[in-house]
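The lines below spell out each chain.
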Amino acid sequence: MIDMIISILLGSLTAMVPIVLTSTGAVVSERAGVVNIGYEGILLMSALFGAMFAEMSGSPWIGLLGGAFVGMLLGMLHGAITVYMKGDHIIPGIGINILALGVVAFGITAIWGTAGQHQVPSNIRIQPIINTPYGGLSPMVLITFVIVFLTHWVLFRTPLGLRIRAVGENPEAADALGVNVERYRFLATVYGATLAGLGGAYLSVDWLGVVTKEISSGRGFIALANMVFSGWNPIRALIGGFIFGFFDNLSVWVRTNPAISQVVPWQFVATLPYIVTIIIVAGIIGKVRPPKWDGRPYKRE
Amino acid sequence: MEEVPIIEMKGIVKIYPDGTKALKGVDFSVKKGEIHGLLGENGAGKTTLMKILSGMLPPTEGKIYVNGREVRFKSPADALANGIGMVHQHFTLVEVFDALHNIILGMEGHGLFSKIDVDKARAKLQKLMDELNFQVPLEVPVETLPVGVQQRIEILKVLYRNVDVLILDEPTAVLTPIEVKELFDVLRKLKEQGKTIIFISHKLREVMEITDRVTVLRKGEVIGTVNTNEATPQLLARMMVGRDVVLRIQKPPKEPGEPILRVENLWVKGDRGEDAVKGLSFEVRAGEIFGIAGVEGNGQTELIEAITGLRKIEKGRVILNGKDITGRPPKELYNLGVAHIPEDRTHMGLILDMTVAENSILGLHWNAKFTGALNSIKWNTVKAYAQELIEKFEIVAPGVDAPVKSLSGGNQQKLIVAREVSKNPELIVASQPTRGVDVASTEYIRNYLVKLRNENKAVLLVSADLDEVLQLSDRMAIMYEGQFVGIVKPEEVTEEQIGLMMGGIKDES
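Protein chains in written order, with numbering that gives the first Met the number 0: chain A, 0 to 300; chain B, 0 to 508.
Don't take each hint at face value.
Stated by the list, open to error - Residues from chain A that face chain B, not an exhaustive set, calculated with beta carbons under 8 angstroms:
1) Asp2
2) Ile4
3) Leu98
4) Gly101
5) Val153
6) Arg156
7) Thr157
8) Leu159
9) Arg162
10) Ala165
11) Ala173
12) Gly177
13) Val178
14) Glu181
Don't read these hints as lab results, they were simulated from the structure. Note that beta-carbon positions come from the ideal geometry of N, C-alpha and C, so glycine has one too.
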């Protein structure tokens, strides 16, 4: 029994990383008023390129940084369109998501010559810092905690955070006081996409050790739902991500437990994390208030 | 030796991108340490001039000097850096932040990543508030605070930046009488401290009470600057209203008939929950144009919305042809014969991206005349109808399939008038019917309203354009702070009397 609990806990922490990183990034971006629905595509592409950078350099850490870099570039693209060119916030995200489908399917074949799937060699995967008979704990889990708490602190305690929140709530007020609305919106957008990029590389060079066409499996969208559930708050996004990770693992455990899987079809159990997340989000949504200028371009009159 | 003015604006011209000439070469100067009133009607250019001074808008032409030194502001932050700060009529506060964070935003202290020193900011603000002898709660979200308090936070925000010149745009518009008194106390304190204040207003009494000098603007031009102690409300009113009549309207005398609309003790609330209309009673008779003049924001919008079923009526009754229509929905009012030309054509009157034909049946789309099987719309009938309107009302349009936004403002407005009067109403409620409309269309629309009156319809006209109300109305009311200062016949009053009434003063003489 205790081994099962430890195993599920470790697994939950492992599974929450990409969700929490992406949600935290999305919180910052939307606090500044920029909506990005392209995180799914960012996760996918940085999983691919993260693995590529790791194998080219022989270092999984370079892989993680490479993934974050890819996220940063995509964030700059999104920021340029939405913040500087005052474009729509949804369309570029759709574009990134669709682009990723093609880039990743083609990339796997082009880089490794295999179709649809590539196994990352185990010697260039991130090694756990703690090993137990029930599973390991990646250093990325700790890094995720650090990032969440640091982001939270910056967002709510520093001038930078105050300005980010101000440009997302009332850019006119910020502008009148000499706060450069575009600069802070752009920075926040890039930061959000960079964290998603880190999360994407984590999928391939750490947790799953594989690149597939559907490796992100909806986590980019789950992260957005989780962001709403958190009320645009990084620490609550951490908790939400953990809940998702927990049910994700529970479903794996149930699936591999013959006593239960004979009674409940595993396909049903596999949908659990998504259903639970939807229920939680549906229960919360409407009660929290998004940043007032979320998703609206700002132009001085 | 004349002292160098703290602010000097020379030859300021402002032409908006749509071609509106808001300021036509304005010279304006303010002495250090005075409270300077800027008086004028709506559209006189007061706010535009001050937005230029505070860096919100760039001037098309002209120069600005601060303490004799020429400056060029690219943003409000530039103006703040030069010691000029403005408190806008519509506050720019981050609603979910508390007062403290609203005030320190943009100058929080050293380092973007260092912790904000809340205690230090609080101490500085406390000192400011003690000096001015007022308090605001610093640590609750500003959205939960009354407007009077929010305004003080705006003032503190500007003072926190050590400005010398404080611009207040219609600061009393949202305040209760007690709050106005308190604001004036604060302004006098600031003057004692050596600050210079520019006070934008259209309220004569307040300008007379608080200012040292007054500059009057009319239609983008300076009429003059006078010392307040040498001025009278009568003089200021005459300067503000002037006497230039652009258009001539043929209006034969007519004996009005039975009352069509009767409003009894009407109370309506504004968007902020304040009482916007305070116990109004009046009637509009058949064959009569009843005009409501007054500076905008004195409850006219709320009154019209209440009568046309768009806003909740708190108390009182609206009666149409003897039938109580209080609180009835717009569609029912339409069936009873009420047509509405709304004050904002682009937001309320038309759907700009839809075609002329589609717009011509807005609100009539369910009419049996236009619908066929399964309530589908018979577009050929609609297009023929739209074409009929275009011809009858001389609307210049590329065609019935053209989007309405491709029409000029005047033709857009004519389309609304065409649609509304074609409903064959008993009562036409026309709100700012010629705002932003070219001269030819203005004349057409005004003459059409007179024609409706001659056909024994009742017309309720609300306009910020005093000439319009004076020319068209058979009887007119002047509205001020939710009430009528008086109901008069246009030919029996002087412009001076009307100017005074618009400023809230009833001249009994």
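Results for each hint:
no., hint, result
1, Asp2, "43 angstroms, violated"
2, Ile4, "39 angstroms, violated"
3, Leu98, "30 angstroms, violated"
4, Gly101, "34 angstroms, violated"
5, Val153, "7 angstroms, holds"
6, Arg156, "5 angstroms, holds"
7, Thr157, "5 angstroms, holds"
8, Leu159, "4 angstroms, holds"
9, Arg162, "7 angstroms, holds"
10, Ala165, "5 angstroms, holds"
11, Ala173, "6 angstroms, holds"
12, Gly177, "3 angstroms, holds"
13, Val178, "5 angstroms, holds"
14, Glu181, "12 angstroms, violated"
Checked against the numbered hints above, the structure violates hints 1, 2, 3, 4 and 14; every other hint is satisfied.
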